[in-house]
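Participant: So you can see what is in the structure, the chains are spelled out below.
4 protein chains.
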Amino acid sequence: MDLKQLKEEVFQANLDLVRHNLVIFTWGNVSAIDRENGLVVIKPSGVAYDHMTAEDMVVVDLEGKVVEGHLKPSSDTPTHIELYKHFKEIGGVVHTHSTYATAWAQAGKNIPILGTTHADYFADDIPCTRDMFRQEVEGEYEKDTGTVIVETFHGKNPNHIPGVIVKNHGPFSWGKDAHEAVHNSVVMEQVAKMAFVSLMVNPNASMNPLLTKKHFDRKHGANAYYGQS
Amino acid sequence: MDLKQLKEEVFQANLDLVRHNLVIFTWGNVSAIDRENGLVVIKPSGVAYDHMTAEDMVVVDLEGKVVEGHLKPSSDTPTHIELYKHFKEIGGVVHTHSTYATAWAQAGKNIPILGTTHADYFADDIPCTRDMFRQEVEGEYEKDTGTVIVETFHGKNPNHIPGVIVKNHGPFSWGKDAHEAVHNSVVMEQVAKMAFVSLMVNPNASMNPLLTKKHFDRKHGANAYYGQS
Amino acid sequence: MDLKQLKEEVFQANLDLVRHNLVIFTWGNVSAIDRENGLVVIKPSGVAYDHMTAEDMVVVDLEGKVVEGHLKPSSDTPTHIELYKHFKEIGGVVHTHSTYATAWAQAGKNIPILGTTHADYFADDIPCTRDMFRQEVEGEYEKDTGTVIVETFHGKNPNHIPGVIVKNHGPFSWGKDAHEAVHNSVVMEQVAKMAFVSLMVNPNASMNPLLTKKHFDRKHGANAYYGQS
Amino acid sequence: MDLKQLKEEVFQANLDLVRHNLVIFTWGNVSAIDRENGLVVIKPSGVAYDHMTAEDMVVVDLEGKVVEGHLKPSSDTPTHIELYKHFKEIGGVVHTHSTYATAWAQAGKNIPILGTTHADYFADDIPCTRDMFRQEVEGEYEKDTGTVIVETFHGKNPNHIPGVIVKNHGPFSWGKDAHEAVHNSVVMEQVAKMAFVSLMVNPNASMNPLLTKKHFDRKHGANAYYGQS
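Chains as they are written, first to last, in UniProt numbering: chain A, 1 to 229; chain B, 1 to 229; chain C, 1 to 229; chain D, 1 to 229.
Hints may be right or wrong, so weigh each one.
For the chain B half of the interface with chain C, some residues (derived, Cβ under 7 Å), not all of them [unchecked claim]:
no. : residue
1   : V47
2   : V197
3   : L210
4   : H220
5   : Y226
Only pairs whose alpha carbons sit at most 20 Å apart, straight line, appear in this in silico EDC-like list of lysine to aspartate or glutamate [unchecked claim]:
no. : chain 1 : residue 1 : chain 2 : residue 2
6   : D       : K214      : A       : D125
7   : A       : K143      : D       : D131
8   : D       : K214      : A       : D2
Think of the hints as simulated: they come from the structure by calculation, not from any bench. Cβ atoms here follow ideal geometry from the backbone N, Cα and C, with glycine treated the same way.
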């Protein structure tokens, strides 16, 4: 994969966060990985979206060392790297503070699977991570944010649940590339909002697991039949 | 009815879903029927709204066989067909995952009739379907989604209640043509939102049936006097 | 007052409802009165806002008879007339189905005065009318909607509380002219939304009456000192 | 600091409130201070944003006397001045009636710190002031609104908690200049909305103080490492 092209993709994906109303100011970041060369392209830290160019994207290796670029990478870079290291099939990662997904993170609750909108993309509840320990918060905080996400996925398939909410922080999502990771972040925000309203209307709302399986498989299973492919 | 014109109408009605903020990505579809020839025109499956043209609309017969068009029809096509077969007077069908109507579907509750906004279009609560059985989910799922909707309307007049919410899924609406079906989908989303707020403020909110009848008849009864006709 | 100018004002005020996101479709109407000649200018019934011109505004007398115009007046015209007859100082009336004010109407609860935003315009709770009786609903329904509003203001000053919510229906507001009536309808929607959130956060929220008086008088009292006049 | 430049900054900051959807009509005001000359530049009272120019900004001294400008200053000017007098390091002040922050003010509750979005800007709960006494409401109301804010910050660092909600009224925020004060008002509205949703989902939501400290220090501490500086 051409690095120049990857920078362009990551740049556009960052702007898409704004277009989808998932971020204000600099509250979000997208990265993508070139698996062949072990290089991650990520948004620079604290740079306003409307002043940013594709050239401002920062290239780091899997140790987090800047390989190319004149700006500091996003402070969340170590979290992104940790996800790329452990979730071997993902190609893009997104972090936002989108309103409803973040509100669930602040509530410290999994976003429950209550409908087919959710099941079309996520095969189960979107999990919320545990509280971080003192040594994690005071030590390598951003790296360990990734570690805690990976721990949360012990026994779960990150390709079938392409997102998480970090307790008291906000959502991370991923996908086969930056574009799909952004798509999943939009879905998370939408299902977070709908789950909130559903539970206000009926605190006992739940979903038949048969229906979950049907919808997830319809789009992602071996016999998927949604879309044109 | 000219098929070319029907395609244009269905195309425009699909775009109207976006204009009214009822769908993101490809989460919605509109169809219309040519009753004379038994042909249904429907949105193709999984195609982005901003790349779609009127020519992309797919024509199917009442068995779901593609009669015209180069793309696969919406995966929800069998549901639309089932509605056209049983609700003899409808000319257009809409399905969306609009936020508040879907949230009620996820809650598994009828959208209660609480005001004249609702009564101007729907003569009673907007019903929520029952849970689907295993053989329905694992069998002809999309067709049986239609069957369950039809079952829900046993003893109800679909012309007087032009919409339904499918449990854990989302809203379907209909009308005399695609345009009216879209109009009713906008109304459903709006009354779903208002009913949510009303019940948060007063869990015992309810509406005098006399007032329901008055408003529905004012627009739809034999002596309707709303509008210019 | 020139009728042609009044039509223009009423036309613009109707469009302002759309600009302020208070109406979709044809769900709102504005009128204004020429007190000298006893003539009311009002939006035609069921006409889409984007096809409407100032010339489409309908002129009726205080018996509701059309004096000028080629279209039928809003079906709510008798309610507007009733308000002009009893609230002698008002010059404009607005009716909408704006989301949060309508939700309170559906809840059947007064919108409680909880903050200075409310007190800057309304000196007390915005009242909700009583249920209408059978003979009112089945008889001169629109006229009696006005009668019930007037009854609700028995002992209240409509100039100090320039709006009401009609139970299970929606908000009416008024002002010295069409422009001010629209302004008050925007305020009602905003305070309705904020009161909803406040009560969710604290069901016992309330406001010190001293503060209410202070804010209302600051804008409307004999010694008003807000603004440039 | 050039007064002409300060007027331009204050003017732009006022328009930013509109761009960020924090104000409708004239419901907000921004000021900035020239510390060297003891002069405050502030929005005129009750002037519509779309008719306003930089030249309309009013210059007052720390007694509130107009030094330059042809319009009356915002009626909230004495509150702004009180904040400048007691919070020695701030350079800009903002007041709005933004929806969710105002709803919390109406609820009379502190906006609790529940997530890192909040902690990135505010080191603790955003406090709500006490009820004002009769002599404060009936006396120098606007000045004493400032006094009560200052009292609320007894024992708190206004640089670490750059905002407050005034009970039954709405939010005030501040910063090193007008631009930063506006930025903080946007953050307050966003965290107010998210805290509302979080508490609806989980009334016992709370945040680990370790995480609060980490995030606040990451942006504001001696070893801050967020952004490019």
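Participant: Need the list of violated hint numbers for this structure, in ascending order.
Facilitator: Those not satisfied are hints 1, 4, 6, 7 and 8.
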